[in-house]
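**Student:** Residue numbers (full-length UniProt numbering), protein chains in the order written: chain Z, 1 to 256; chain L, 1 to 256; chain E, 1 to 256; chain U, 1 to 256; chain Y, 1 to 256; chain B, 1 to 256.
The reader is advised that the hints may include incorrect statements.
[As the list claims (entries may be wrong)] A short, non-exhaustive set of chain Y residues, derived as facing chain Z with CB atoms under 8 Å:
1) ILE21
2) SER42
3) GLU62
4) ASP77
5) ILE78
6) LEU81
7) ASP115
8) ILE119
9) GLN120
It should be emphasised that the hints constitute simulated quantities derived from the structure, not laboratory data. Note that this is a predicted model, so its numbers are computed, not measured. Yeah, the Cβ is synthetic: ideal placement off N, Cα and C, and Gly gets one too.
Number of protein chains: 6
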Amino acid sequence: MRLDGRNDAQLRPVKITRGYIKHAEGSALIEVGNTKVICTASIDDKVPPFKKNSGEGWLTAEYSMLPRATQTRNARDISKLKLNGRTQEIQRLIGRAIRSVINFNILGERVITLDCDVIQADGGTRTASITGAFVATVEACKYLIDNGIITKTPIMDYVAATSVGIVFGHEMLDLCYEEDSRATVDMNVIMAGSGKFIEVQATGEQAPFSRNELDKLLKLSESGILKLIDIQKSALGPLTNYIGGITKDEKVHSSN
Amino acid sequence: MRLDGRNDAQLRPVKITRGYIKHAEGSALIEVGNTKVICTASIDDKVPPFKKNSGEGWLTAEYSMLPRATQTRNARDISKLKLNGRTQEIQRLIGRAIRSVINFNILGERVITLDCDVIQADGGTRTASITGAFVATVEACKYLIDNGIITKTPIMDYVAATSVGIVFGHEMLDLCYEEDSRATVDMNVIMAGSGKFIEVQATGEQAPFSRNELDKLLKLSESGILKLIDIQKSALGPLTNYIGGITKDEKVHSSN
Amino acid sequence: MRLDGRNDAQLRPVKITRGYIKHAEGSALIEVGNTKVICTASIDDKVPPFKKNSGEGWLTAEYSMLPRATQTRNARDISKLKLNGRTQEIQRLIGRAIRSVINFNILGERVITLDCDVIQADGGTRTASITGAFVATVEACKYLIDNGIITKTPIMDYVAATSVGIVFGHEMLDLCYEEDSRATVDMNVIMAGSGKFIEVQATGEQAPFSRNELDKLLKLSESGILKLIDIQKSALGPLTNYIGGITKDEKVHSSN
Amino acid sequence: MRLDGRNDAQLRPVKITRGYIKHAEGSALIEVGNTKVICTASIDDKVPPFKKNSGEGWLTAEYSMLPRATQTRNARDISKLKLNGRTQEIQRLIGRAIRSVINFNILGERVITLDCDVIQADGGTRTASITGAFVATVEACKYLIDNGIITKTPIMDYVAATSVGIVFGHEMLDLCYEEDSRATVDMNVIMAGSGKFIEVQATGEQAPFSRNELDKLLKLSESGILKLIDIQKSALGPLTNYIGGITKDEKVHSSN
Amino acid sequence: MRLDGRNDAQLRPVKITRGYIKHAEGSALIEVGNTKVICTASIDDKVPPFKKNSGEGWLTAEYSMLPRATQTRNARDISKLKLNGRTQEIQRLIGRAIRSVINFNILGERVITLDCDVIQADGGTRTASITGAFVATVEACKYLIDNGIITKTPIMDYVAATSVGIVFGHEMLDLCYEEDSRATVDMNVIMAGSGKFIEVQATGEQAPFSRNELDKLLKLSESGILKLIDIQKSALGPLTNYIGGITKDEKVHSSN
Amino acid sequence: MRLDGRNDAQLRPVKITRGYIKHAEGSALIEVGNTKVICTASIDDKVPPFKKNSGEGWLTAEYSMLPRATQTRNARDISKLKLNGRTQEIQRLIGRAIRSVINFNILGERVITLDCDVIQADGGTRTASITGAFVATVEACKYLIDNGIITKTPIMDYVAATSVGIVFGHEMLDLCYEEDSRATVDMNVIMAGSGKFIEVQATGEQAPFSRNELDKLLKLSESGILKLIDIQKSALGPLTNYIGGITKDEKVHSSN
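Next comes chain Z alone, as it looks inside the complex (with noise of 0.2 Å):
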């Protein structure tokens, strides 16, 4: 049916390697189909101004791909002095999704610095990195307890994403390239393991769609998401135990 032979509900094979960064407080590869991400996780104990002496610490994400990942070369951002807009706009989205699941007040003032440097792209680019971003995190977060710089687990919950569209006039999840150029609808939908939405952006610049079309492509999306939080936990395996029981609200005791 689809180019690669999926049908139309069905994710490309995912694999997640956790520590593939020596150095990095967390890591992971994650591979979904020929797309493969690097994602980092830095702790570093400068938070912004914004967070000076609140108590509370930050999260931020930057995105990137090697010149070579796509099929055609591009010129690094430094060659042109401009960081790219689609760039940002990736780069802020990944930091809100993780941000959305983290209790800022349990990891005190420290930032977590999140790396998604893509070295090889073939679409779905921005939802991979926050899938294997967000498996990073929960590494550098155990690196924090077991290191006895915080005391309990900051991360709220499960966060993964994927994309969907409207490719031929059929509702598809997990987009490769080829799809998403084709697509006259592209759907990119972030959840968290309560089954709720931390982001949708749905763009209709070739073709507007209607709200039955949505409802479709929401459906679609979250069964995708909740196997790929079971991809997650397979990867993470005793590390899950770092994940939950906690809400945003929750606030440490002993003196931070």
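Fit chains L, E, U, Y and B to the supplied structure of chain Z, relying on the hints for placement.
**Tutor:** Showing chains L, E, U, Y and B alone in chain Z's frame:
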């Protein structure tokens, strides 16, 4: 009920002044409550490389705020040598929104550049920019026809946009800045005159949202956008003749 | 006689609207014929390094044009990553002009930042910016006094500016764009309410000018600036009480 | 009387060394007291877009200081990624000054680029740059004629410049750095060999100035510039033949 | 003996994986101990200006590190708007090294761009980049021949590189990061398959070195590089046929 | 024999003028044939972050060329917003070279910034910069001692540098530009007064070189550098007392 006495499903007062800037081919000042944006549409013959010899035109948008449009002064982008990520995200959004209703075969090999400059900000600047930029675009297309540069309008349908969100647990339409900064869920919706969606962006960084909440917000946005399109029609007056009656696939018959 | 029917010694219609931008401590929209500039004055506590612990404040200015303020669209500075030379020259000029009438001992260790954003240009934008920025500065000083931050006005005198030039062999006051682009000699004059000069810049790139021509131009500018100061007074109304009666050397007696 | 024993109407010792840089088509080292500037004039065939196919040439100038030309070290522009505002102002001034005496029809479609690099600064670097750059320009025009590229000189007249100012209440000619930093009024005057003014820039940031003071300063500058032109003539020797005898409107008769 | 048990003349384990990135014309992952570099070779038809209409091609290299390739996170170049000096030095070195064995007449007017992206760093990243980039270049030349774009290989010889240094008074081969940071003398050697040197860079910032020490280091590097070339041969397998048998001066006989 | 009549082992005429720039703590103009470089050494109290509270100082270098130092004009770095790769490489080299003979304990927590500005280039600008910058550094250390800022010299030994290369099959000393552009092997050697090497950089981009050729070039460079050190001694005169008699490990005994 709300900070400024509106009920949850009520827009702020909206005023669109056409022809606000005399040099531009198209222009409008849009005021949505205290949010004020100058929108201009400029025509240029130089298409980007990927449109050369395609017979098709293009449309891009730029968005900016005057340094003191906001409660505290923001440094200009040039003083930091960096285009703000939020700015990039918004100008990409405006471009996609207006492009979705343009037939680029009819426009021919020329570019419409939209400039949306916020002179005073009180929430909803990106959606006000889209609603106002549409009016400026219609004026610019009238200019092209009046000057014999093209023979029929490339504008297929209306476009307008609004924000909705959940504030203190209530779904509300058209958030002002005070409401926006307290919203747990924030959503921007762009819709065509046909009632179909062009873009839906919902973010629950503060709290994930359920499918039920999403549905309520979509419905609220729909009612608001239909009212905004009525206001566009009043502002356009006889220029409403320059909108519609064509499709994406329709081509020009004359040699361009 | 002139393109718009004025005689050589006549200003264009000038209108100054105080309080044009609600967020700024001081603001004005100045319209000189078709030239329109939004001027805001922002107060900040952070003085530049060379004023730290001096007990003295500072004032700087920024100037910019919206991309479509002009007959053809100009790319934004940020898209070229360079601040235009002409822009730099003008903002330095505006800063010097307004600083010349401020007693920085009385202002104390704080900074007034002036933003002059041209929304429509038709010649004389730098001199209109100075004339309008002065009004915004007075509003900002009123704000400082009303809020008990300083106890008396730091403004020593009025400042206004105009352009003069030689066009088709005639000395003319207040050149519009069409005249300016045909002028062989172009001159900007900034004067204080005392009738003394703050800055005189005369350029004869197209043709050198004699001492006699210089004298005629200076006289013409003087008459124009005195009228502009009258217009400032009308716009300021009761705020004229915030101007004058002090000198550069006068110090504050209270501990600041 | 003055810090270095000069009287108020006296220039510092001035020395102009022609042909200082062997690679350039024209060059000069100008020394005005302790101020030393290397000026080069380079010829290039590539005119800016606005001169293409016009038959006319162009001239631009760049100005810079070595980091340790001054009493304390200044960081290079490139380390800040910003061209200093003062630098831009000065290089625009140098360009206008020399352009005012060039007939660009005779020069034909080529560009003269002047580089004025201050190797030691002691006040008056912009006026020394103009006086020296003129000499380099004459050498470059000789090169064009000697190599048969153009057939007659495009230089219509001499240009030289000096500073004057009011220091401790006295009008003084050719201010050194110590005087300049104490001046209440500061003025740069550029004059042609005809005795007409090319540019007059007077600034009273520290204290506004009267018409009477302006007149005295203009007179003082005039006497200084006439002496500087005599020094240019001595430095040029037989090259004085490459100056004058033509006007702005004179065109070349041969096909260019 | 050494930190990781090696003797002074021993390389770390080296592994080269060809075809690591599917989109690139040539690619390799090289692992030298814990140092890991992704090398890609991209083909483009656009030669730099100085090669236009020369019938000759060109090769350039870019080098970068992922932010968390190192023990502490490094900010991306784009966030500082500056390309790091060390980075520039290294990418110039890689380019020179590989260019030294390419016959650009045979390559014809096209460019090979090498991208060396360090995903994990543990000393010797520049020499690993050269050794890996050579393999990617061979793959890209095979691609050119397989696709009938060129008819014979432009690669004249092998190139590989290693570091040597003096650590605690011992000459050592292939320094890891810990050794490198303790070295008093640090040297990078690039050698061709012929046993001749392409580049020798020895630095004694911590302590000058004698001729005798230099000789010992050169000898040590030679033995290491010969082993690296053997590893390249194993990785290349049948692609070794694409190397050698031509010289710099050999020209293509067909019209290019 | 050579283009300018020298024999293969002969330096060009070298002239070093101390105290060339009056504002700098140390300065020299070095002329090597037609290559001319202004070198200044500036003292500053602000050490880089990695030296704070270390009791140790630092030394950095910057290198630049005037736009018309070369046969054709080069655009300034600032006009491209990028620091040229070659420039970065050279300034890092100069810094390493001079740092290798400074005892930073004795210098104490202050920075010496070297500026090497090439005013005329004819090959060998980087090695001339090093040879000249050393003299400027000695002057600056004399300044520190004369002003009682430090009590003994931090300079351990002499440093000088030259280029050698293989041109038309001959090993030659001190290449001028014409020779350099024809060289198949190009080498820069930096040596201390002790006869030990500080840096050796040999490049065979045009043709790999044998061990035998390397040996001959090293020997040639050695003879040249010893002559350059003699010329430094003559230029320094009594300042030679500020060099030597200490080692890297020697510490200051007084509290700094």
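**Student:** Please go over all the hints and tell whether each is borne out by the structure.
**Tutor:** Taking the hints in turn, this is what the structure says about them:
| no. | hint | verdict |
| --- | --- | --- |
| 1 | ILE21 | 6 Å, holds |
| 2 | SER42 | 4 Å, holds |
| 3 | GLU62 | 7 Å, holds |
| 4 | ASP77 | 4 Å, holds |
| 5 | ILE78 | 4 Å, holds |
| 6 | LEU81 | 6 Å, holds |
| 7 | ASP115 | 5 Å, holds |
| 8 | ILE119 | 6 Å, holds |
| 9 | GLN120 | 6 Å, holds |
In this structure, every one of the numbered hints holds.
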